[in-house]
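Using the hints provided, position chain U relative to the given structure of chain A.
Those protein sequences? They're chains A and U, same order as listed. With my numbering applied, the first sequence corresponds to residues 1 to 359, in that order. With my numbering applied, the second sequence corresponds to residues 1 to 414, in that order.
Since the hints were made in silico from the structure, they are not lab data. For clarity, every value in this text was computed on a predicted model and none was experimentally measured. A virtual CB, placed ideally from N, CA and C, is assigned to each residue, including glycine. Heads up, a few of these hints could be off.
Restraint ranges, calculated between C-beta atoms of paired labels, are given here [to be verified]: (1) U:Val344 to A:Val195: 34 to 44 Å; (2) A:Leu171 to U:Ser8: 54 to 64 Å; (3) U:Arg321 to A:Pro40: 41 to 51 Å.
Calculated lysine-lysine pairs in the DSBU-like style (CA-CA distance at most 35 Å, straight line) [stated by the list, open to error]: (4) U:Lys252 to U:Lys189; (5) U:Lys230 to U:Lys141; (6) U:Lys252 to U:Lys230; (7) U:Lys189 to A:Lys168; (8) U:Lys141 to U:Lys252; (9) U:Lys189 to U:Lys141; (10) A:Lys73 to A:Lys262; (11) U:Lys230 to A:Lys262; (12) A:Lys73 to U:Lys141; (13) U:Lys189 to A:Lys73; (14) A:Lys73 to A:Lys168; (15) A:Lys73 to U:Lys230.
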Amino acid sequence: MTAAGAGPPVTAAGEAPPVTALRPGPRTDPVAEAWRTLLPADLDRYHALLDEALAPQRDYLTDAERALYQGGKKLRPLLLALSAHLVHGPGELPDKVARGAVSLEMLHVATLIHDDVVDESAVRRGVPSVNSARGPGQAIIVGDMQFVQAVRGFVECIDTERDLGLVKSVLDVAYRICCGELDELRVDPSWSTEVLLERYWRTIDRKTAVLFALACESGVALVDGRTRDVRRIGYYGRRVGRAFQVMDDLFDLTQDESASGKPRGVDLARRRLSLPIVYAMEELGDGHRLSRFLRGGAPAPDDLTPLVDDVRATAGFARAYADARTQALDALEYLRPFPRNPYRDALERIALHVVDRGR
Amino acid sequence: MTAPGPLSVPTPPDLPLARTVEMPEHVGYPSGALSLRFAELTVEAEEPPSAVPVSDGDRTIVALPPLVVRARYAIDARPDPVATVDAGGDLSVLPDQATAPRSADEPDAHPEWLENARNQHMELAQTSNGRSLLSTYDQHKDVYAELFDQSQSTFTDDIWTANGGTAQMAADTHEAVGTGEGVINDSAKTYPDPYSGDLNSYNVNAFVRQNAVAVYTLALDPEDNPTQGKYYDAVQAVYGFAIAVNDTRNDKTSTTPMTRDDVYQAVADHSGEVSAEAVRSRMAALLNPFSDDVWEGWDDDERDLIREFHRRARAGREALRAAAVPTALFEGAGSGRVAGASAVTDASGAVRVELPHFEVVLDDTAWTGAAAGVARDRLNAAGFLADLVRDAVAERLRAAVAEGDPTLLADPGR
Chain A
1 MTAAGAGPPV
11 TAAGEAPPVT
21 ALRPGPRTDP
31 VAEAWRTLLP
41 ADLDRYHALL
51 DEALAPQRDY
61 LTDAERALYQ
71 GGKKLRPLLL
81 ALSAHLVHGP
91 GELPDKVARG
101 AVSLEMLHVA
111 TLIHDDVVDE
121 SAVRRGVPSV
131 NSARGPGQAI
141 IVGDMQFVQA
151 VRGFVECIDT
161 ERDLGLVKSV
171 LDVAYRICCG
181 ELDELRVDPS
191 WSTEVLLERY
201 WRTIDRKTAV
211 LFALACESGV
221 ALVDGRTRDV
231 RRIGYYGRRV
241 GRAFQVMDDL
251 FDLTQDESAS
261 GKPRGVDLAR
271 RRLSLPIVYA
281 MEELGDGHRL
291 SRFLRGGAPA
301 PDDLTPLVDD
311 VRATAGFARA
321 YADARTQALD
331 ALEYLRPFPR
341 NPYRDALERI
351 ALHVVDRGR
Chain U
1 MTAPGPLSVP
11 TPPDLPLART
21 VEMPEHVGYP
31 SGALSLRFAE
41 LTVEAEEPPS
51 AVPVSDGDRT
61 IVALPPLVVR
71 ARYAIDARPD
81 PVATVDAGGD
91 LSVLPDQATA
101 PRSADEPDAH
111 PEWLENARNQ
121 HMELAQTSNG
131 RSLLSTYDQH
141 KDVYAELFDQ
151 SQSTFTDDIW
161 TANGGTAQMA
171 ADTHEAVGTG
181 EGVINDSAKT
191 YPDPYSGDLN
201 SYNVNAFVRQ
211 NAVAVYTLAL
221 DPEDNPTQGK
231 YYDAVQAVYG
241 FAIAVNDTRN
251 DKTSTTPMTR
261 DDVYQAVADH
271 SGEVSAEAVR
281 SRMAALLNPF
291 SDDVWEGWDD
301 DERDLIREFH
311 RRARAGREAL
321 RAAAVPTALF
331 EGAGSGRVAG
341 ASAVTDASGA
351 VRVELPHFEV
361 VLDDTAWTGA
371 AAGVARDRLN
381 AAGFLADLVR
391 DAVAERLRAA
401 VAEGDPTLLA
411 DPGR
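Next up, chain A with everything else stripped away, as it sits in the complex (with noise of 0.2 Å):
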């Protein structure tokens, strides 16, 4: 046994040995090591274009709402900008790519404005929301404002027949994400496990893996990529998309509100059927508090906490988060016709972050 923090042991030529260990905490972010080390250039393009693509919106966005644009990772331009790189290589990039990834974030921001019009959320990447800024009339006219704004980024990435077609995906995207929105508030959860299950991995495709897709395909597009390679990359980035969500939904039963922005527990509060929260349901059983209180036969208790315990206890919280590494598992298996080169590595490392990092 190893006592923690003593350090591997040390061999007698004085190397340490390999060493395996579960750890606990904080790793490497590779979103934030590859806008650094690989496309610091990048990110000064897309800085300087999305201050031009807000500045129409000035006398309309407040401080905070500009601040929405500053916060973030901004993973799904970065995944945009990779899968450019991807098969352009290490040279500059047409303007249309930084314009196509501003355009993405513009149409991310506009979901994540009106999820929290729908979800009532108060905070949004540590500033005030929107709607609680301005309620929820206003806000989801500036959530309108971004969607409108994005499309038309998108339309000005067009210099090619062929770049018209990004823009029918666009479109297809914004509306699968509508549907999505929809069809999660439009579960029972009367239904049976199955079709709560299919339900699930058909709501997270269109809420959040679309975008993912969508990303890394205007990637390989917009810089005259294969159509091959274009599809591929797509389904590594929906696949990414839908690890990420699964993972959203584990953290929103772990995590404290200062690490995720909103309250533990605020899918079992909305009764948001999560994959977690559907396998727990299914273990559980009928007759079980958890049960009784999704399925509205038993009022909702001051204190969630005992049900998220319930949730977290359950094997079926673990065998979601296994569902996860699957998912982010088979995403690098799309990468591999591309050529090994420092984008796809970055790739491969986002993907496996996704499911990796810990509270």
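Just chain U now, kept in the frame of chain A:
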């Protein structure tokens, strides 16, 4: 006082670590998936408890003695062949470099095919029915990608790449569509059947592949006789398309020559609606291929073909499942020490155990080879997994404290 003894902690389910990893020779297959399995997980006090509970407002806190977490683990391997067909891309056979443990930049074997396919995609999207076709494909493409996953189905080897017929059809389709002048389904040309190698027309081969896709897709479903779900829906889409093609007076036995423009005109003119009864009839045959009363509209050869696909698809699936029995590549023990744990009881009597972060170090001295390196990297990176173990230990301790376990709590009367 009771002698300290280990508390058994419920183990998490097997957790996937890596795919398509190079396997040691003794395993019997070249490429495998790795997963972590906990055979046992325990926690016990390292020394007798001695702490006295202290009050903190309406909470009571008691320090737990130093703890030792012990695990027995296995790194299991299952067969996981690297895909040889570009299921995420254009369904072409991948170059060797892309199917090796490390891929390399390989130029397209047929870049002109891909450019052509891209143009046809754009052309299809110009009409309402064309967009509907593309959308339907998009809706089911994940299922079709599974069909080419060689750890799940033998479709790739049984049908898609067998005897080279698919590639020849793709080459001729490219030629005819590219110039716009040639006939795509030229009845004068023949292609090898995937099973027998016998030469048959384009339409016969299209019929064979449509039905093979349908049967093998249905065989992906873990339910043996599914009547709903994504596999069922994907097969319905296959037959919807096949029936729409029949409306152009093309089927297995008759060929109406079609040029590129004929195809686009047919797509534009078609309503997109197909007979639900015709789809239902085909699905009935697929779901019950060995019944005698589901074959109205099929001839004997077609019935025999579907039955043969059914047998082979299921035999392939069973073979893959049988081969998927895990092999324990590495087994061993692990342990970690936890100091500073405490149990907190609130006014309602609810107990919570607070555990500091701790590591569980796995004995990996016997690990060798490429799989060892991959497993080590993945486990060392898996912070969430460490959290899972910590949560499981905390929950077990919570239950033990709530029951007044004497190995964790000092006797107040001592």
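Results for each hint:
1. About 40 Å separates the C-beta atoms of Val344 (chain U) and Val195 (chain A), a value consistent with the hinted range of 34 to 44 Å.
2. With their beta carbons about 55 Å apart, Leu171 (chain A) and Ser8 (chain U) fall inside the hinted range of 54 to 64 Å.
3. For Arg321 (chain U) and Pro40 (chain A), the hinted distance range of 41 to 51 Å is satisfied, since their beta carbons lie about 49 Å from each other.
4. As the CA atoms of Lys252 (chain U) and Lys189 (chain U) are separated by approximately 14 Å, the hinted pair is consistent with the 35 Å bound.
5. In summary, the hint linking Lys230 (chain U) to Lys141 (chain U) is supported, as the alpha carbons are separated by about 10 Å, within the 35 Å threshold.
6. Of the pairs offered as hints, the one joining Lys252 (chain U) and Lys230 (chain U) holds, with about 27 Å between alpha carbons and a cut-off of 35 Å not exceeded.
7. Our distance criterion of 35 Å between C-alpha atoms is broken by Lys189 (chain U) and Lys168 (chain A), whose separation comes to about 38 Å.
8. Proposed proximity of Lys141 (chain U) and Lys252 (chain U) is supported: the alpha carbons are some 25 Å apart, at most 35 Å.
9. The hinted pair formed by Lys189 (chain U) and Lys141 (chain U) meets the criterion: a straight-line CA distance of about 30 Å does not exceed 35 Å.
10. Our distance criterion of 35 Å between C-alpha atoms is met by Lys73 (chain A) and Lys262 (chain A), whose separation comes to about 17 Å.
11. Between Lys230 (chain U) and Lys262 (chain A), the direct Cα distance comes to roughly 34 Å. Compliance with the 35 Å bound is thereby established for this hinted pair.
12. For the suggested pair Lys73 (chain A) and Lys141 (chain U), the alpha carbons sit about 30 Å apart, so the restraint of at most 35 Å is met.
13. Straight-line distance between C-alpha atoms of Lys189 (chain U) and Lys73 (chain A) comes to about 56 Å, which puts the hinted pair past the 35 Å bound.
14. Taking the CA atoms of Lys73 (chain A) and Lys168 (chain A), the gap is near 26 Å; set against the 35 Å cutoff, the hint holds.
15. For the hint linking Lys73 (chain A) to Lys230 (chain U), the alpha-carbon distance of about 34 Å falls within 35 Å, and the restraint holds.
Checked against the numbered hints given earlier, this structure breaks hints 7, 13; the rest are met.
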